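Make a model of the complete structure from these sequences and hints.
Number of protein chains: 2
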Amino acid sequence: MKCKVCREHAIVDIRRHNAGFCRDHFLEHVTNQVARTIKEFKMFRADERLLLAVSGGKDSLALWDILGQLGYDVTGFYLDLGIGGYSSRSKDLSVVFAGVSGIKLVVRSLNEEHGFTVPELSKLTGRVPCSGCGLNKRYEFNRAALEEGFEVLVTGHNLDDEVATLFGNVLHWNTDMLGRQMPVLTERILGEGESARVALVRKVKPLVKLTERETAAYALLRGIDYVIEECPMVEGNTQHRYKEAITMLEETSPGTKSQFYSGFLKKAADRFRSAEGAELDGGEIVACISCGAPTVIWEEGGSAEARCAFCKTKALALKRKQDPEPQRPRRRRARS
Amino acid sequence: MKCKVCREHAIVDIRRHNAGFCRDHFLEHVTNQVARTIKEFKMFRADERLLLAVSGGKDSLALWDILGQLGYDVTGFYLDLGIGGYSSRSKDLSVVFAGVSGIKLVVRSLNEEHGFTVPELSKLTGRVPCSGCGLNKRYEFNRAALEEGFEVLVTGHNLDDEVATLFGNVLHWNTDMLGRQMPVLTERILGEGESARVALVRKVKPLVKLTERETAAYALLRGIDYVIEECPMVEGNTQHRYKEAITMLEETSPGTKSQFYSGFLKKAADRFRSAEGAELDGGEIVACISCGAPTVIWEEGGSAEARCAFCKTKALALKRKQDPEPQRPRRRRARS
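From first to last, the protein sequence lines stand for chains A and B.
Residue numbering for the first sequence follows my numbering, starting at 150 and increasing by one per position.
Residue numbering for the second sequence follows my numbering, starting at 150 and increasing by one per position.
Worth flagging that the hints you see were computed from the coordinates, not collected in a lab.
Copies of the same chain are indistinguishable here, so a pair counts whether it falls within one copy or spans any two.
Below 30 Å or equal to it, Euclidean Cα-Cα: the simulated DSS-like pairs (lysine-lysine) are:
1) K358 x K151
2) K191 x K415
3) K358 x K392
4) K392 x K416
5) K188 x K286
6) K253 x K188
7) K415 x K392
8) K416 x K358
9) K272 x K468
10) K392 x K188
11) K272 x K461
12) K415 x K153
13) K253 x K191
This structure is a prediction, so every number in the text was calculated from the model and none was measured.
Below, the structure is given as structure tokens:
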């Protein structure tokens, strides 16, 4: 196979585009795809300051590299989740990348900030690790962006991630989530008039048109050292099974993934959005009484408690950490 | 495992219901499911005459048996598609079942009615066999129902069929098809006032809550002799690949299929339907100038030709049959 651009020997082929690329033109292709995605979805302007959530994996490090090349003002943010050696190795690689590239990296630790790690949180609350981890990340990323004065939070979700999420949301017809699954979520303001302030920063995903195979190839060809191992806590994760099922279809019909995702954005997403902002569809946004972060009051059931999900989970975890009860049997077993 | 009802030894287990059944209670369960589905979706009344599309396979023969047991006035309709030994074997089994049960069966032959078989049609028009076959069946089923004076056309689509179709429609976001994918499609009237007549009879699918494993078990336990072999023309059929992918997910999460389908009906289907009847969304329904069957004029492009898709395909097939041209190379090859 020859490079689509220069007809030299191709080293990467992209079946859904029916095209091959040499090293340099592949890197150019990836960078152009990201630039086009930013433009198409009006993700951010050149004068805005970006905070990029960095995990030490191929996607976030490749994106960091690409955004730098495109000339954007981007700062990395690494949140140490305390997942043993996996977390320390990914932190090291993030720090190394920042050092080599001379880019600013903000590092925070979940344990130092709040007093628990992701594995501890899961054990203390009985919550599935990936679910607790997601809650922590959403909360901490937004908090960091607000505290450090960034307008935009950038994440490295790629096409495979978005397709797996979309597939899961469609299989369960999570209509709220479908209304929110966009490459850009606009910022949300809390309060009115003089007291108005940004409560949720804008969130954008510039890698939505690239598969994980492509971001991995980009990182490899650019000599970026990233964490190859997967998080040890994802075992049996449903997201993985959705990826497998769709990848099986992609193999016989290249383009299935990108068609599924872009078709959703073009022809279906609007059908799941409410008239005024889909971000917090169905509820009123207020400040959490504990931490001030934005949370939603659902109209059902009268006495709405304006404490955010993170604060509730944190309170439960810290209570159980201080005052450990004997391990209770799981509900299902208790019934037998 | 024990029978959920009588605690005797279970011979069928249904994982998504977390239940086992003995022979008799399984048969009762299946019959009840069909009765409930008919009621839930208001498919038909006891005094309506039903025409059931019979293929000789497990689904249509099981459904025929169940509807008879439930006391409905049901007539079978077998359309001989001319697919070699497969068609003759399935016709024989349909005729045998009708004879044993003493139920009326109408048999028609595509070749006798129109001058071609499904394999010929595919060869003559270059159309994918399953696509041409579907067109023939939709056309002939509706024509037979109208000519023989039936109000309702019943088909044996099961949960797996509906889930595979839904998955395909979602992967491609075929919004028109999503708007029409209901267990009941109401009848459509052509003309107004005195000249008004039913153009498309009501179509219903009473097996949508049963998997193909369940209809096969039902047929087996009732001693119904059905065609086990698959149609020889479905090889590589995308529907099959969708079934495989979803079945993979069902194995780890029993209930995935039924949740996907029923969730669609409850939470998403309406979002894809136009205000007035989704059947022919976006077009005006008129009588075909060749055969009088209902067809759609799409507003795009000025001079709308009111000839139906079946008549167009038939005309092309018969023209080429009478006046065969040398086999033209496929378009893609011609380009190289």
